[in-house]
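Make the full structure from the sequences, and use the hints.
Here is what each chain is made of, one letter per residue.
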Amino acid sequence: MLIGKVVGSVVATRKDEKLEGRKLLVVQVHNHRNEPTEQYVVAADSVQAGIGDMVLYATGSSARQTHATENRPVDAVVMAVVDSWDLGGDNVYEKWSGR
Amino acid sequence: MLIGKVVGSVVATRKDEKLEGRKLLVVQVHNHRNEPTEQYVVAADSVQAGIGDMVLYATGSSARQTHATENRPVDAVVMAVVDSWDLGGDNVYEKWSGR
Amino acid sequence: MLIGKVVGSVVATRKDEKLEGRKLLVVQVHNHRNEPTEQYVVAADSVQAGIGDMVLYATGSSARQTHATENRPVDAVVMAVVDSWDLGGDNVYEKWSGR
Amino acid sequence: MLIGKVVGSVVATRKDEKLEGRKLLVVQVHNHRNEPTEQYVVAADSVQAGIGDMVLYATGSSARQTHATENRPVDAVVMAVVDSWDLGGDNVYEKWSGR
Amino acid sequence: MLIGKVVGSVVATRKDEKLEGRKLLVVQVHNHRNEPTEQYVVAADSVQAGIGDMVLYATGSSARQTHATENRPVDAVVMAVVDSWDLGGDNVYEKWSGR
Numbered sequence: 001m002l003i004g005k006v007v008g009s010v011v012a013t014r015k016d017e018k019l020e021g022r023k024l025l026v027v028q029v030h031n032h033r034n035e036p037t038e039q040y041v042v043a044a045d046s047v048q049a050g051i052g053d054m055v056l057y058a059t060g061s062s063a064r065q066t067h068a069t070e071n072r073p074v075d076a077v078v079m080a081v082v083d084s085w086d087l088g089g090d091n092v093y094e095k096w097s098g099r
Numbered sequence: 101m102l103i104g105k106v107v108g109s110v111v112a113t114r115k116d117e118k119l120e121g122r123k124l125l126v127v128q129v130h131n132h133r134n135e136p137t138e139q140y141v142v143a144a145d146s147v148q149a150g151i152g153d154m155v156l157y158a159t160g161s162s163a164r165q166t167h168a169t170e171n172r173p174v175d176a177v178v179m180a181v182v183d184s185w186d187l188g189g190d191n192v193y194e195k196w197s198g199r
Numbered sequence: 201m202l203i204g205k206v207v208g209s210v211v212a213t214r215k216d217e218k219l220e221g222r223k224l225l226v227v228q229v230h231n232h233r234n235e236p237t238e239q240y241v242v243a244a245d246s247v248q249a250g251i252g253d254m255v256l257y258a259t260g261s262s263a264r265q266t267h268a269t270e271n272r273p274v275d276a277v278v279m280a281v282v283d284s285w286d287l288g289g290d291n292v293y294e295k296w297s298g299r
Numbered sequence: 301m302l303i304g305k306v307v308g309s310v311v312a313t314r315k316d317e318k319l320e321g322r323k324l325l326v327v328q329v330h331n332h333r334n335e336p337t338e339q340y341v342v343a344a345d346s347v348q349a350g351i352g353d354m355v356l357y358a359t360g361s362s363a364r365q366t367h368a369t370e371n372r373p374v375d376a377v378v379m380a381v382v383d384s385w386d387l388g389g390d391n392v393y394e395k396w397s398g399r
Numbered sequence: 401m402l403i404g405k406v407v408g409s410v411v412a413t414r415k416d417e418k419l420e421g422r423k424l425l426v427v428q429v430h431n432h433r434n435e436p437t438e439q440y441v442v443a444a445d446s447v448q449a450g451i452g453d454m455v456l457y458a459t460g461s462s463a464r465q466t467h468a469t470e471n472r473p474v475d476a477v478v479m480a481v482v483d484s485w486d487l488g489g490d491n492v493y494e495k496w497s498g499r
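Protein chains in written order, with this note's numbering: chain A, 1 to 99; chain B, 101 to 199; chain C, 201 to 299; chain D, 301 to 399; chain E, 401 to 499.
The hints are simulated quantities; they were obtained by calculation from the structure and are not laboratory data.
There's no promise every hint is true.
Derived pair list, reagent style BS3-like, types lysine-lysine, alpha-carbon separation capped at 27 Å [what the hints assert, rightly or not]: (1) B:Lys-118 / A:Lys-18; (2) D:Lys-318 / D:Lys-305; (3) D:Lys-395 / E:Lys-423; (4) D:Lys-318 / D:Lys-395; (5) E:Lys-495 / E:Lys-405; (6) E:Lys-418 / C:Lys-218; (7) B:Lys-195 / C:Lys-295; (8) E:Lys-418 / D:Lys-318; (9) D:Lys-395 / E:Lys-405; (10) D:Lys-305 / A:Lys-95; (11) C:Lys-205 / C:Lys-295.
Right, here's the structure in full:
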């Protein structure tokens, strides 16, 4: 999994029927030091994540292992909202710090 | 999933029998700010996308989760035509804007 | 899928038994403008492609969806010989043009 | 698989129910000469690895082949703690050397 | 698949039980002209490959299609020892040439 920030969402009316009702989030990938990268992914939402949330996303067939995505043609899913992470004992991100 | 623009199509007469009748689109990948990149993919079409459409495509085993691609040797599928997306509250792409 | 040119083949006597009789092609990846890249892949052949042919190959579990590759330990398959493709209305490659 | 060092962990309260009780490690990828790279991955833990451990991780559907990760939406798993490895006859890493 | 050279092996005592008895090889990826790259992978062995052997390896779910790797948490397998390959009619590598 990689960590990213939800920065937007995609609207698509004409789509495969299995995508009906799935929210599609634009996630900008951050590195382990919480610096934004140029990499992004569009991921289905399984945890009602919102704009600005730091999230974890899974890709490939693993992205179809949630109730929201089972058997659907999605190759990325947001399956957790990140509260915090640390590196070498230092807190890198803390959701409730207002950062 | 990633966002791309349909820029062409591929014709192949000699092919695996499971590819019969599948339209193969050349999709140029765009980044989340809607700038074209040098990356491209050839994807099977499941939503009758046309040249110039902005689309979402899925890769890997997830690309076989549409009726058009089930059990077929394709590792990428266009499964949605994008109407619009936004980043940080700003509209990045709007299909009907004539842009 | 990506487009590539068949530039060689690999011979291997000591191999997993499921690879017996599978032809292994060296494919050099081309970009969508038909320029060769530095990327290559070794792919099983399912369409009797030959040296010099422009082909489509699929990767991952999708590479096991042809009769030639089912349940075999191959992660790439050549599953179509390309006749032609176009970009923005212009013909980029035409098999029979002698190019 | 790739080799990496466990450098941190991620806390997430709001997550897919199948992630309950799974420890999520931040792993920094090392190259084969044991030099840290800029690449990282968040991986589920199946071997009770700790901070500072050199580990092997697997990705994709293979990451769901341990008891800790079966059918769960995780695309990376730490499935071994590395004791040592060698390159060209030279020991590159030795857990018990205090290095 | 990609071609690589077996340059080492990894020892791990604490590991998922399904990895017991699997030899884990360090493989340095070579390009199609047989030049070593900076890319490497740790792969399970299914053909008793040895240090110095040029090999083919498969990744992803395809890596679990050998007897040695079925249902195991490995995402790469060495499934062939390369005897030779050619490019554009020229022999690039020949195992028995002493090169």
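Each hint, compared with the structure:
| no. | hint | verdict |
| --- | --- | --- |
| 1 | B:Lys-118 / A:Lys-18 | 22 Å, holds |
| 2 | D:Lys-318 / D:Lys-305 | 25 Å, holds |
| 3 | D:Lys-395 / E:Lys-423 | 19 Å, holds |
| 4 | D:Lys-318 / D:Lys-395 | 33 Å, violated |
| 5 | E:Lys-495 / E:Lys-405 | 12 Å, holds |
| 6 | E:Lys-418 / C:Lys-218 | 22 Å, holds |
| 7 | B:Lys-195 / C:Lys-295 | 35 Å, violated |
| 8 | E:Lys-418 / D:Lys-318 | 22 Å, holds |
| 9 | D:Lys-395 / E:Lys-405 | 25 Å, holds |
| 10 | D:Lys-305 / A:Lys-95 | 25 Å, holds |
| 11 | C:Lys-205 / C:Lys-295 | 12 Å, holds |
In this structure, the earlier hints numbered 4 and 7 are contradicted, and the remaining ones agree with it.
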